[in-house]
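Engineer: Each chain, written out:
Protein chains: 2
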Amino acid sequence: MFKVQVYVTLKEGVLDPQGKAVRGSLLSMNYDEVQEVRVGKYIELFIEETENLDERIDSMIDQLLANPVIEDYRYEVEEVVSN
Amino acid sequence: MFKVQVYVTLKEGVLDPQGKAVRGSLLSMNYDEVQEVRVGKYIELFIEETENLDERIDSMIDQLLANPVIEDYRYEVEEVVSN
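Just so you know, the protein sequences line up as chains A and B, in that order. If you read the first sequence in our numbering, its first letter stands for residue 1, the second for the next number, and so on. If you read the second sequence in our numbering, its first letter stands for residue 101, the second for the next number, and so on.
Be aware that a few hints might be false.
Stated by the list, open to error - Across the chosen pairs, the derived CB separations fall in these ranges:
id, chain 1, residue 1, chain 2, residue 2, range
1, B, Q118, A, E48, 20 to 26 Å
2, A, D58, B, A121, 32 to 38 Å
3, A, D32, B, L127, 33 to 39 Å
Claimed, not checked - Per the computed footprint, the stretches of chain A lying under chain B, defined by three or more beta-carbons under 8 Å from a beta-carbon of chain B, are:
id, segment
4, 5 to 14
5, 21 to 35
6, 47 to 56
7, 72 to 81
Bear in mind the hints are in silico, worked out from the structure with no lab data behind them. Please read these numbers as outputs of a predicted model, since none were measured by experiment. Virtual Cβ for every residue (Gly too), placed ideally from N, Cα, C.
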């Protein structure tokens with residue numbers, strides 16, 4: 001079994017209204033040191049042994065987990081003992 | 101300037117309807133190897149030098165970015181050159 005940690009973030013230059021809203025809230029809570037906030041997705045996939053693992057992960061992400069037009073992604077794969 | 105990478109995930113045992121929905125979609129797209137999906141948040145904070153940085157980050161997360169009742173979090177801090 002493999003544990004895949006996927007990090008999806010908005011591309012540089014893409015407007016991040018959610019990040020702006022979070023920053024606004026933090027400022028109103030007197031966290032004035034916060035200069036910028038970017039909000040993305042962190043997804044854990046537990047996947048059984050399969051051929052072309054990386055290719056399969058890339059296509060899962062491209063087709064469903066991230067929007068390739070406005071989002072970037074990276075992922076890490078580690079083998080885990082299935083419970 | 102500090103870049104803080106925050107990872108927010110649901111606690112073990114907490115129902116993850118979003119994760120279940122994503123898994124269902126992946127199965128319908130013939131990614132049968134996917135056994136489980138957990139969906140969380142990945143947040144980047146850019147913060148100016150401040151006293152008690154870790155304490156301030158913990159309280160930002162506890163108060164706004166994560167729900168301590170059902171979510172766990174971890175974060176990494178790195179110093180960056182502000183642009």
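Engineer: Between the beta carbons of B/Q118 and A/E48, is the distance compatible with 20 to 26 Å?
Structural biologist: holds (21 Å)
Engineer: Tell me if chain B covers the segment 47 to 56 of chain A under the three-residue, 8 Å CB rule, please?
Structural biologist: holds (count 5)
Engineer: Mind checking, does the segment 5 to 14 of chain A have 3 or more residues with a CB under 8 Å from chain B?
Structural biologist: Per the Cβ count (3), the hint holds.
Engineer: Take a look at whether the Cβ-Cβ distance between A/D58 and B/A121 falls inside 32 to 38 Å.
Structural biologist: violated (21 Å)
Engineer: Verify this for me: three or more residues of the segment 72 to 81 of chain A with a beta carbon less than 8 Å from a beta carbon of chain B.
Structural biologist: Coverage by chain B is violated for the segment 72 to 81 of chain A (0 residues, Cβ < 8 Å).
Engineer: Taking a Cβ-Cβ distance under 8 Å as contact, does the segment 21 to 35 of chain A have three or more residues in contact with chain B?
Structural biologist: Satisfied; 8 residues make the cut.
Engineer: Given the hint of 33 to 39 Å, is the C-beta distance from A/D32 to B/L127 inside that range or not?
Structural biologist: Violated, at about 47 Å.
The structure shown violates the earlier hints numbered 2, 3 and 7.
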